[in-house]
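Trainee: In terms of this note's numbering, the sequence shown has 1095 at position 109, counting the first letter as 1, and numbering is strictly consecutive.
Some clues are possibly wrong.
Here are the computed lysine-lysine pairs in the DSS-like style, where the Cα-Cα straight-line distance is at most 25 Å [as the list claims (entries may be wrong)]: (1) K1065 <-> K1035; (2) K1030 <-> K1065; (3) K1105 <-> K1045; (4) K1065 <-> K1077; (5) K1105 <-> K1030; (6) K1000 <-> K1035; (7) K1045 <-> K1077.
Here are the in silico distance ranges between beta carbons for each label pair [claimed, not checked]: (8) E999 <-> A1070: 28 to 34 Å; (9) E1005 <-> L1032: 29 to 35 Å; (10) K1030 <-> K1065: 17 to 23 Å; (11) E1112 <-> A1028: 19 to 25 Å.
Hints were generated in silico from the structure; no laboratory data involved. All C-beta atoms in this analysis are idealised placements derived from N, C-alpha and C, irrespective of residue type, glycine included.
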Amino acid sequence: MKVTPLVTFAQREKVERLEGAISRYPQVECPVWHHFAPGLYARKMLIRKGTVLTGAVHKTEHLCIISGDIEVTTDDGVKRITDAHAIITSKPGAKRAGYAHEDTYWTTVHATDETDLDKLVEELTESTSRELLGAPENRQLLANRTEMSKCLSE
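Produce the entire structure from the sequences given, and follow the hints as far as they go.
Mentor: Structural data, given as structure tokens:
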């Protein structure tokens, strides 16, 4: 799949510089929940108050449903989102950075039939599970896999 970036290189470069700077600090746990419906995948993440974070580069256009108080980079610059259940459309090639002023839920909704989490990361982002979550020993990845194993064994 060919990705046509719809964000400026300068904006993405700034977010990548921030990502490099914050990568030197301990990772913060951001719990993630996965939801599936026919033809849809939703990934909900809790971003705790005071968290600075960057997101993956997404390959596809998708929706983001945000509930909380967060400043985030957008195509139009930095925006503070304080609406309950604000919805934004994210374009292919976007890479965002954010700062949570309060606990914030960020849900991305994607059109796909895939349900394998590792395959979803590769299908929807320019990352792999290792890169996106920081490596196999990452607490978030381990917690997600443990939770999925529990669900599948019940």
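Trainee: It remains to establish, for every hint, whether it holds in the given structure.
Mentor: Do the hints match the structure? See the list:
no., hint, result
1, K1065 <-> K1035, "holds, 17 Å"
2, K1030 <-> K1065, "holds, 20 Å"
3, K1105 <-> K1045, "holds, 13 Å"
4, K1065 <-> K1077, "holds, 16 Å"
5, K1105 <-> K1030, "holds, 17 Å"
6, K1000 <-> K1035, "holds, 22 Å"
7, K1045 <-> K1077, "holds, 8 Å"
8, E999 <-> A1070: 28 to 34 Å, "holds, 33 Å"
9, E1005 <-> L1032: 29 to 35 Å, "violated, 20 Å"
10, K1030 <-> K1065: 17 to 23 Å, "holds, 20 Å"
11, E1112 <-> A1028: 19 to 25 Å, "holds, 20 Å"
Hint 9 alone, counting from the list given before, is not met by this structure.
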